[in-house]
Amino acid sequence: MKISLNHKEIDITGASTLADLLAAHALDGPGYAVAVGGKVVPRSERATFVLTEGMEIIVIKAVCGG
Amino acid sequence: MTDQRYSRQTMLPGFGYEGQQRLGAASVLIVGVGGLGSPVALYLTGAGVGSLTLLDPDTVSLSNLQRQVLYTTPETGMPKVEVAAERLRALNPTIKVEPLCARFSPENMHGLVAAHDLVIDCTDNFATRRLIDDACRSAGKPWIFGAIGELAGQIALINGPRHRSLRDLYEDLDALAEAPRTTLGVIGAVPGVIGSMQAMLAVKVLSGMDATLDGKLFSIDCTTFETNIIDF
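As you go down the protein sequences, you meet chains A and B in turn. 378 is the number that the working numbering gives to position 13 of the first sequence; each next residue is one higher, with no gaps. 30 is the number that the working numbering gives to position 2 of the second sequence; each next residue is one higher, with no gaps.
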């Protein structure tokens, strides 16, 4: 199944939920905002959020400088 | 004279004299006058925001000058807010600029937020951003988040009409606020880009143009120049 992660198309085999995908890419630490289809998905919903073909996922890391 | 100073923006459809009058009646608190605060303060002064308060406890250092465009080499060692206020008053003597050489703290935050229409976050840490989020939420005031690191930058309008909080974007705000401070490298133009966008958003909010980015994070990564907007 193909999805898009930060504008790059990737093929996922093992990951079925958003939480699996983030863990597989080491994007599940503190300070990441995760959006599917442009809408932020709360951390509490990621383990039950099932990925489907063509989903567009954006992961933004917090930066703190000014 | 005033007509001439602002003619290039009052001629703009959707802004006009009404927008100018709203800007002139507005008061803005700029928390931090460093890399982000420099362009924010310069553009809002030029645009004619009626009253600006500059808050920053630091002095100008040589390592600031590659990105903090308010300051010059002979001004190193001087309090940033004093140097900035003088520069801004020269740019636009018709507005009120108040320099406060202090931190945004639990002691002063409620009074500061209550006294302004809009708060602009130009700080360099999440501990202060958490205070801004809390103070603006309890006062019902909007604030403009801005942050940069290396080649990346982000802005958002927080506690606007949709009443979104920074915690809705970064749920682990407490962990971010309590993490040890780290200093990352940055190309000077990155806070230039992000601070300019914060100023643009502030002008829109204050002049009554639509509140774009209300509860939405805009981000840019200048490695690829890729941008995203996500809704929180």
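Be a bit skeptical, because a hint or two may be false.
What the hints assert, rightly or not - With a cut-off of at most 25 Å between alpha-carbon atoms, the simulated BS3-like pairs for lysine-lysine come out as follows:
{"#": "1", "chain 1": "A", "residue 1": "Lys367", "chain 2": "A", "residue 2": "Lys404"}
{"#": "2", "chain 1": "A", "residue 1": "Lys404", "chain 2": "B", "residue 2": "Lys124"}
{"#": "3", "chain 1": "A", "residue 1": "Lys373", "chain 2": "A", "residue 2": "Lys426"}
{"#": "4", "chain 1": "A", "residue 1": "Lys373", "chain 2": "A", "residue 2": "Lys404"}
{"#": "5", "chain 1": "A", "residue 1": "Lys373", "chain 2": "B", "residue 2": "Lys169"}
{"#": "6", "chain 1": "A", "residue 1": "Lys404", "chain 2": "A", "residue 2": "Lys426"}
FYI, nobody ran anything at the bench for these hints, they're computed from the structure.
Structure-based check of all given hints:
1. Lys367(A) to Lys404(A): Holds, at about 19 Å.
2. Lys404(A) to Lys124(B): violated, 40 Å
3. Lys373(A) to Lys426(A): At roughly 17 Å apart (the allowed maximum being 25 Å), Lys426(A) and Lys373(A) satisfy the hint.
4. Lys373(A) to Lys404(A): Holds - the C-alpha atoms of Lys404(A) and Lys373(A) are around 18 Å apart, at most 25 Å.
5. Lys373(A) to Lys169(B): Violated: Lys373(A) and Lys169(B) sit about 38 Å apart, past 25 Å.
6. Lys404(A) to Lys426(A): Roughly 15 Å between the alpha carbons, so the hint for Lys404(A) and Lys426(A) holds.
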